[in-house]
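Let the hints inform the model, and build the full structure from the sequences given.
Quick mapping for you: the protein sequence lines, in order, are chains P and X. Residue numbers for the first sequence, in the numbering used here: 17 to 356. Residue numbers for the second sequence, in the numbering used here: 15 to 291.
It cannot be assumed that every hint is accurate.
[Stated by the list, open to error] In silico SDA-like pairs for lysine to any residue, Cα to Cα no more than 20 Å straight-line:
1. K25(P) - P206(X)
2. K25(P) - M128(X)
3. K25(P) - D132(X)
4. K66(X) - L78(X)
5. K25(P) - L78(X)
6. K25(P) - K271(P)
7. K25(P) - F125(X)
8. K25(P) - G121(X)
9. K181(X) - F125(X)
10. K25(P) - L130(X)
11. K271(P) - R140(P)
12. K25(P) - E124(X)
13. K181(X) - W122(X)
14. K181(X) - P206(X)
15. K25(P) - K181(X)
16. K66(X) - P52(X)
17. K25(P) - P52(X)
[Claimed, not checked] Non-contacting residues of chain P with respect to chain X, defined by C-beta distances greater than 12 Å in every case (computed):
18. A24
19. L73
20. R74
21. L117
22. V125
23. P133
24. I137
25. I182
26. L216
27. A254
28. A265
Hint data in this document are derived by calculation from the structure and do not stem from the laboratory. Since the structure is predicted, the reported quantities are computational estimates derived from the model, not experimental observations. The beta-carbon is built from N, C-alpha and C at its ideal position, and this holds for glycine as well.
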Amino acid sequence: MKRFGIIAKRIGTALLVLVGVSMLIFAVARVIPGDPARVALGPNATAEAVASLRAALRLDEPIVVQYWHYMVDLARGDLGVSLYTNRPVTTDIAEFLPATLELIVLAGVMMVAIGLPLGIIAARHRGRWPDHLVRVVSLLGVSAPSFVWAVVLMLIFAFWLQWFPIASRLDDDFDIARVTGFLLIDTVLAGNWAAFVDALRHLILPAFAIALSGIGQAARLTRANMIETYDRPYIEMAQAYGFSPGRIARVWAFKPSLIPSLTIIGLDFAAMLGSAFLVESVFGWPGISRYGVQVILRKDLNAIVGTVLIIAALFIIVNIIVDLLTAVLNPRIRLAEAGR
Amino acid sequence: MTRAWRILSANPLTLAGVVLVALVVLVALLADLLAPFPTHRGAVVDFVNFNKPPDATFWMGTDLVGRDLFSRILFAYRISLMLGVVVLAIAVPVGVVLGLMAGYLGGWWEFALMRLTDVFLSVPPLVLAMSIMGVLEPTLTNGMLAVTAMWWPWYTRLVYNIVRGEKVEGYVLAAEVIGAGSAHIMFREILPNCLPAIVTKMTLDFGFVILIVSSLSFLGLGVQPPTPDLGSMVAEGARYLPDSWWLAVFPGLAILIAVFGFNLIGDGLRDILGADR
Chain P
17 MKRFGIIAKR
27 IGTALLVLVG
37 VSMLIFAVAR
47 VIPGDPARVA
57 LGPNATAEAV
67 ASLRAALRLD
77 EPIVVQYWHY
87 MVDLARGDLG
97 VSLYTNRPVT
107 TDIAEFLPAT
117 LELIVLAGVM
127 MVAIGLPLGI
137 IAARHRGRWP
147 DHLVRVVSLL
157 GVSAPSFVWA
167 VVLMLIFAFW
177 LQWFPIASRL
187 DDDFDIARVT
197 GFLLIDTVLA
207 GNWAAFVDAL
217 RHLILPAFAI
227 ALSGIGQAAR
237 LTRANMIETY
247 DRPYIEMAQA
257 YGFSPGRIAR
267 VWAFKPSLIP
277 SLTIIGLDFA
287 AMLGSAFLVE
297 SVFGWPGISR
307 YGVQVILRKD
317 LNAIVGTVLI
327 IAALFIIVNI
337 IVDLLTAVLN
347 PRIRLAEAGR
Chain X
15 MTRAWRILSA
25 NPLTLAGVVL
35 VALVVLVALL
45 ADLLAPFPTH
55 RGAVVDFVNF
65 NKPPDATFWM
75 GTDLVGRDLF
85 SRILFAYRIS
95 LMLGVVVLAI
105 AVPVGVVLGL
115 MAGYLGGWWE
125 FALMRLTDVF
135 LSVPPLVLAM
145 SIMGVLEPTL
155 TNGMLAVTAM
165 WWPWYTRLVY
175 NIVRGEKVEG
185 YVLAAEVIGA
195 GSAHIMFREI
205 LPNCLPAIVT
215 KMTLDFGFVI
225 LIVSSLSFLG
235 LGVQPPTPDL
245 GSMVAEGARY
255 LPDSWWLAVF
265 PGLAILIAVF
275 GFNLIGDGLR
285 DILGADR
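Below you can see the structure in the form of C-alpha cells.
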C-alpha cells in the first residue's frame with residue numbers, strides 16, 4: 017500500500033513537470049518572429065488565405081487562450097495538424113517514432129552490454145594499463161559528438177569495408193507489412209528471416225554511433241562504483257575465504273554497483289534522444305528526430321510542440337521506470353522512500 | 015606552482031589534457047599568424063584549388079570553393095572557444111545562485127526552483143536548444159542564448175544537492191547562531207565548499223558546450239556561413255562522402271581533440287579535488 021502511494025506520488029510529480037514542459041515549449045514556439053501561416057503557405061498565397069489559416073490556427077488570439085485550446089485538444093488526443101505534412105501530428109509521430117525507438121533501444125542494449133564489462137575490467141585492474149585504456153577509450157567516446165562518430169563509422173564500415181549498408185532502414189527488395197513499426201518485430205511477424213538480418217545490419221552502425229558516449233559513461237560509472245564496493249568489509253571476508261577474484265567480482269562486487277549505473281542509463285536516454293537527431297540525419301534514418309529537424313526548420317508550430325512533448329514524455333516515463341526498478345532492487349532506497 | 019606541477023606529473027593523462035587545451039587555445043588566439051591562408055576564414059572563392067585532397071600546401075585539403083580547410087579550422091576554434099566562455103560565464107552564476115537559494119532558503123523557493131529545473135531537464139538539452147534556435151534567427155548571439163538557456167539548470171541541481179548536505183553542518187549552524195544573514199551564509203560560508211564540484215563540472219562542460227554548439231550548426235541551426243564553424247563543416251562534408259572524406263573527417267577530429275582535452279582535465283580534476291564524494 018505504501019509502495020503504491022509512492023508510485024502515485026511519483027507519477028503526479030511527473031504529470032506536473034509535463035504540464036510545465038508544455039508551457040515552456042508552447043511559449044518558445046509562439047514567440048516566432050515572422051508569420052508561421054505565411055511561411056506555411058509560401059510567398060504567393062493571397063492575404064485571405066493567410067488570414068484564414070491564422071484563424072484556423074487561432075494565431076490572433078492571446079497566447080493563454082491558444083494554450084487553453086491546445087490543452088483541451090491534447091486531452092482528446094489531438095495534437096493538431098502539421099503544416100509540413102498536412103496530416104495530423106499524431107499520425108506523423110506514430111509513423112516516425114518507432115524507427116527512432118528501435119534505434120535507441122538497441123543503442124541502450126549496446127551501452128549496457130559493452131559499457132558494464134569495460135567498467136568491471138577497469139575496476140579489477142585498477143591503476144594498471146587496462147584501467148588507463150578503458151579511461152582513454154571512454155573519454156574518447158564522449159569527446160566527439162555522435163554525428164562525427166556517425167560520419168567516421170559510415171566512412172570506414174559502410175564505404176571502405178562495406179560490411180554494413182549505408183542508409184535507410186531496409187533494402188527496397190523486402191516488402192514487410194507494417195504492424196508495430198519496429199522492423200525487427202515486423203520482420204519476425206512476417207516470418208522473413210532474411211529481412212530481419214537486413215534490418216539488423218541497417219541498425220548496427222547508427223545505433224553504435226548513438227551508444228558510444230553512453231558506453232563511455234557506463235564504463236566510468238561502473239568502475240567507480242565497483243571500486244567503492246571493493247573497499248567494503250564483506251568483500252574482504254570473501255577474499256579471506258579464498259574465493260577466486262573472478263567470482264568475487266561477479267557475485268559480490270557487481271550487484272551493488274549495478275544500481276547507480278541503472279540511474280545513469282535513465283539519464284542517458286535523454287542524451288541518446290538528442291544524439292538521435294544528429295545520427296538520423298547522417299544515416300538518412302526516417303525517424304522522429306529527422307521529422308523534428310524538418311518541422312523546426314519549417315517553423316511548423318503544432319508539429320514542433322507535439323514532437324517535443326512526446327520526447328519529453330518518453331524521457332519522463334523512462335526515468336520513472338528506472339526509479340521504480342532501483343527501488344525494487346535496493347531495499348535501502350525502498351525503505352528511505354517509505355519513511356519520508 | 016611547483017605543487018601544481020607535482021600533481022600534474024603524477025597524472026600523465028591530466029597533463030596531456032592541459033597540453034591539448036593549451037594548444038587549442040593558442041592556435042585559436044594566434045589564428046591570424048598561424049593560418050597559411052588567413053583570408054580563407056570568410057567568403058573566398060578559389061576555383062583553381064577546389065576540393066583538393068590534403069597535400070603539402072593544403073595540409074587538410076580544400077573545400078568545395080577552394081578554401082584551405084586547416085586555416086578555416088583554426089578560425090573555427092576561435093568561435094567555439096568564445097561560445098564556450100560566454101555560455102558558461104552566464105549560465106554558471108545564474109545556476110549557482112539559484113541552486114544556493116533553493117538549497118538554503120528551502121520552502122517555497124525550493125519547490126518553485128527545483129520544479130522549474132525539472133521542467134528544463136525533462137527536455138533533452140539539444141532538443142530544447144534546437145526548438146529555441148528554430149524560432150529565432152540563426153545568429154551567433156541567439157545560438158549563445160539558446161545554449162545558455164538549457165545550461166543553467168544543471169548547476170542549480172548540482173549546487174542544490176551539495177547545499178542540502180552542507181546546511182546541517184556545524185559551521186553553518188555556528189554562523190546562524192552568531193546571527194549571520196542568509197546572503198552571508200550562502201555566499202561566504204557554503205559557496206566555497208561547492209567550488210571544487212563547480213570547477214570540475216565547468217571544465218567538463220566547456221567541452222560539452224563545444225559539442226552542443228557544433229551539433230546545432232551541424233543541423234543548420236547555429237553559426238551561419240561564411241563564418242567557419244566545425245559543426246557546419248562536418249555537415250557539409252558528410253554530403254560528399256566517401257570521395258571527399260577530408261571535408262568531414264578533419265573538422266570532426268578538430269572537435270574531438272578540443273573536447274578530449276577538456277574532458278581529460280575535468281576527469282583528472284575530479285580525482286584530484288575529490289569532487290565526486
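Status of the hints after comparison with the structure:
As the CA atoms of K25(P) and P206(X) are separated by approximately 35 Å, the hinted pair breaks the 20 Å bound. Restraint check: the Cα-Cα separation between K25(P) and M128(X) comes to about 16 Å, which is no more than 20 Å; the hinted pair holds. Restraint check for K25(P) and D132(X): satisfied, since their Cα atoms lie roughly 15 Å apart, inside the 20 Å limit. Simply put, K66(X) and L78(X) have alpha-carbon atoms about 8 Å apart, close enough for the 20 Å limit, and the pair holds.
Straight-line distance between C-alpha atoms of K25(P) and L78(X) comes to about 57 Å, which puts the hinted pair past the 20 Å bound. A threshold of 20 Å between alpha carbons decides the hint, and for K25(P) with K271(P) the separation of about 28 Å lies outside it, so the pair is violated. For the given pair, K25(P) sits about 15 Å from F125(X) by alpha-carbon distance, which is consistent with the 20 Å threshold. Between K25(P) and G121(X) the alpha-carbon distance is near 19 Å, which keeps this suggested pair within the 20 Å criterion.
Distance hint between K181(X) and F125(X) is fulfilled; the C-alpha atoms sit about 17 Å from each other, no more than 20 Å. For the suggested pair K25(P) and L130(X), the alpha carbons sit about 18 Å apart, so the restraint of at most 20 Å is met. Distance restraint check for K271(P) and R140(P): the Cα-Cα separation of roughly 15 Å lies within the 20 Å cut-off, and the hinted pair is therefore satisfied. In summary, the hint linking K25(P) to E124(X) is supported, as the alpha carbons are separated by about 18 Å, within the 20 Å threshold.
A hinted pair counts as satisfied when its Cα atoms are at most 20 Å apart, and K181(X) with W122(X) qualifies at roughly 17 Å. The straight-line distance between the Cα atoms of K181(X) and P206(X) is roughly 13 Å, inside the 20 Å bound, and the hint therefore holds. A C-alpha spacing of about 27 Å is found between K25(P) and K181(X), which places the hinted pair above 20 Å, so the restraint is violated. The hinted pair formed by K66(X) and P52(X) meets the criterion: a straight-line CA distance of about 18 Å does not exceed 20 Å.
Restraint check for K25(P) and P52(X): not satisfied, since their Cα atoms lie roughly 60 Å apart, outside the 20 Å limit. The beta carbon of A24(P) is kept farther than 12 Å from every beta carbon of chain X, the shortest such distance being approximately 18 Å. Distance check for L73(P) against chain X: the nearest CB is about 15 Å away, which clears 12 Å, and the non-interface claim stands. The beta carbon of R74(P) is kept farther than 12 Å from every beta carbon of chain X, the shortest such distance being approximately 18 Å.
Annotated as non-interface, L117(P) keeps its C-beta farther than 12 Å from every C-beta of chain X; the closest such distance is 14 Å. For V125(P), the requirement that its beta carbon stay farther than 12 Å from each beta carbon of chain X is met, with the minimum near 19 Å. For P133(P), the non-interface assignment is confirmed: its Cβ lies about 20 Å from the closest Cβ of chain X, beyond the 12 Å cut-off. Against the 12 Å criterion, I137(P) stays outside the reach of chain X, whose nearest CB is about 18 Å from its own CB.
Annotated as non-interface, I182(P) brings its C-beta within 12 Å of a C-beta of chain X; the closest such distance is 9 Å. Non-interface call for L216(P) relative to chain X: holds, since the shortest CB-CB distance, roughly 23 Å, exceeds 12 Å. Against the 12 Å criterion, A254(P) stays outside the reach of chain X, whose nearest CB is about 24 Å from its own CB. Distance check on A265(P): its Cβ is at least 22 Å (rounded) from any Cβ of chain X, clearing the 12 Å threshold; non-interface status holds.
Consistency note: the structure conflicts with the earlier hints numbered 1, 5, 6, 15, 17 and 25.
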